[in-house]
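Hey, can you work out the whole structure from these sequences and the hints?
Chains as they are written, first to last, in the working numbering: chain A, -14 to 354; chain B, -14 to 354.
By construction, these hints were calculated from the structure, which means they are not laboratory data. Accuracy of the hints is not assured; some may be wrong.
Pairs involving identical chains hold if they fit within one copy or between any two copies, as the list cannot separate such chains.
As the list claims (entries may be wrong) - Straight-line alpha carbon distances no greater than 30 Å define the calculated DSBU-like cross-link-like pairs of lysine-lysine that follow:
hint	residue 1	residue 2
1	K219	K142
2	K342	K323
3	K261	K3
4	K3	K130
The structure presented is a predicted model; accordingly, all values stated were derived computationally and were not measured.
Next come the chains, spelled out residue by residue.
Number of protein chains: 2
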Amino acid sequence: MAYTVTPWEVKGDVEYDKLIKEFGTFPLTDKLLARLEKHAGGLHPYLRRKLFFSHRDFDWILNRYEKGEKFVLYTGRGPSGNTHIGHLVPWIFTRWLQEKFGAKLYFQLTDDEKFWLNQGMDLNDTTSFGYENALDIIAVGFDPKLTKIFNDTEYAKTLYPIAAKVAKRTTLSTAKAIFGFKDSSNIGITFFPAMQAAPCFLPTILEGKNTPVLIPAAIDQDPYWRVSRDAAPKLGWYKPAQIHSKFLPGLGGGKMSASDPASCVYTTDAPEVAEKKVMSALTGGRDTIAEQRQLGGKPDKCVVYDWHFYLFEHDDRAVEERFRKCKKGELMCGDCKKDLAGYVTKFLGEHQKRREKAKKNIDRFISRD
Amino acid sequence: MAYTVTPWEVKGDVEYDKLIKEFGTFPLTDKLLARLEKHAGGLHPYLRRKLFFSHRDFDWILNRYEKGEKFVLYTGRGPSGNTHIGHLVPWIFTRWLQEKFGAKLYFQLTDDEKFWLNQGMDLNDTTSFGYENALDIIAVGFDPKLTKIFNDTEYAKTLYPIAAKVAKRTTLSTAKAIFGFKDSSNIGITFFPAMQAAPCFLPTILEGKNTPVLIPAAIDQDPYWRVSRDAAPKLGWYKPAQIHSKFLPGLGGGKMSASDPASCVYTTDAPEVAEKKVMSALTGGRDTIAEQRQLGGKPDKCVVYDWHFYLFEHDDRAVEERFRKCKKGELMCGDCKKDLAGYVTKFLGEHQKRREKAKKNIDRFISRD
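Here's what the structure looks like:
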């Protein structure tokens, strides 16, 4: 395999069509998108651009919805560092779903997981990062009346009994097979799949009746939901449905990673820092301007084009024009990166204002036992 | 080995001197008992009769105490059924320590553990048994101002972050070696050693400074504290000290077990039921009365004598007299059992009154997050 996708490692050139088959998920077909469009009154650009491309039981979610049963959203974040723009992708999409469907949202910050995984981190560190990350989550624009954000360790009285029920139905063998745990793993991280499963069933517990849950998340998180989906029928609960996104490439061409500052733009980066990162990005350009003019660029192998396409340039004609011009050698990488830097710094400016405002609102969102 | 002692299985004729060596614990010497006696103004009968016989760091607890540092008590119960008289032994002793040393007590009800271990039990079942068992705990006479009793699932916000820290320092290999977990174990029970360790450090967390903790419990629980004691120095916390009791034999001669009604007297048994159980107990008597008169009984191999000796006949002369008379063939088993039944029903009558009263007081003892 030329690529690896696990909850803790994504590397290589991911072939998403293959991944769907390997993971046993289903493609988000045009037919499904049309049904979604009907209810939402439109399609989010991430859907039109196939950034969200795969699902489990999303058709079932729509069936239920059409019968008058509302779904609840659940997504999460592992708080081991600052938020970058890639993290925002599923959140922005989740916010859109919340708005279009009036859906409640449970947002899990896995301070326990990140503590267990990072040798050098104390629990205080990951819980604090949880609060930092929560500012970005709130800045995305969720409705405080419909949204609960929580660190696992601060919401454990609610989560732990649900996790206990999932844990009882999950053997070490299963957890080892899915997550690659070894006997040298600590007994916290091997319990963690149960904690990550808990919010799948939280709406059912809190509402006192089986409640459909939809999880928008990057596809590397899919294995966790397999644990939830295995346990659900044994517990008499609905299986959680998922809608999966691809990974955005990092600015250097590899993975976008919070621990590699050059690969990503943090939500707290100053505009000039962000601009510099974008201007240093790997492109699909030729070695010289002359060559580029003559042969044209390779937008299909270009991080900068990907960011335009998936994140910022949602006007179809504009992005088609960018593609065409690049291929024809009419658009130089410097200019294209300048365009992207413009989008990024504009976005950052707005996000940072909302993030600042979130500091005053945070108590309206955070749930603690 | 002719016997097995693990947290989940005790069988065979336990040789306590050997067990001390195997477990690496220390005998409660007369010298230590004398120091304890000085501070407590006396010795509890369970100490005089060596029902408590082993320890870890109890000398250190006394050193600290002599330097003005008070210790906190911690003990627990796995709520998978009704309480029997054997369960009360460490509690009665813990209450004595509380009274003599003005010590705070944290009493853990491991509803999570028992749920994970018992296939047929729901979490509601074990949590409910926790409340049932709490009535017996309270009936033992603890001071409500110094005592907190909690079910793990209801106190998880407090316990889980502490457990998380222990869990990070405990590998699956260690847990497998100590508890015999297998890959077919569920991921709840393999996490549980961390939850049982958490109250060892709760006083240190709650009081904001390193606080000595003493755990009175049957010696089969010792492996759990090895996990705590391994983790403690890595976390900068005191190791918990322990004082260990032997096991009381069941009425049939084997293990006293809550799941074998004939082996034990439940605290809720009606007097006539308890009497009948005692009258059916295995004794060290001979086959016929004539033989007994001629050869004498075997009090050193007699459950009924053990119950007299350890539990009820705390007057040294009375119990010596009983031993002597039995050996001489002057005491018949029927009479000896009648004596025991008298003690048991008297005790039950008093306990059940206090247990009834506890129903009104339970909220003064139970801690929930």
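Check K219 against K142 for me: Cα-Cα at most 30 Å, and say if that holds within a copy, between copies, both or neither.
For K219 and K142, both the intra-copy (22 Å) and inter-copy (26 Å) Cα distances are at most 30 Å.
Intra- versus inter-copy proximity for K3 and K261 (alpha-carbon distance at most 30 Å)
neither (35 Å within a copy, 71 Å between copies)
How would you classify K3 and K130 at a CA-CA limit of 30 Å: within, between, both, or neither?
neither (40 Å within a copy, 63 Å between copies)
Under a CA distance limit of 30 Å, which applies to K342 and K323: within one copy, between copies, both, or neither?
For K342 and K323, the Cα distance is within 30 Å only inside one copy (29 Å; across copies 78 Å).
Checked against the numbered hints above, the structure breaks hints 3 and 4 and satisfies the rest.
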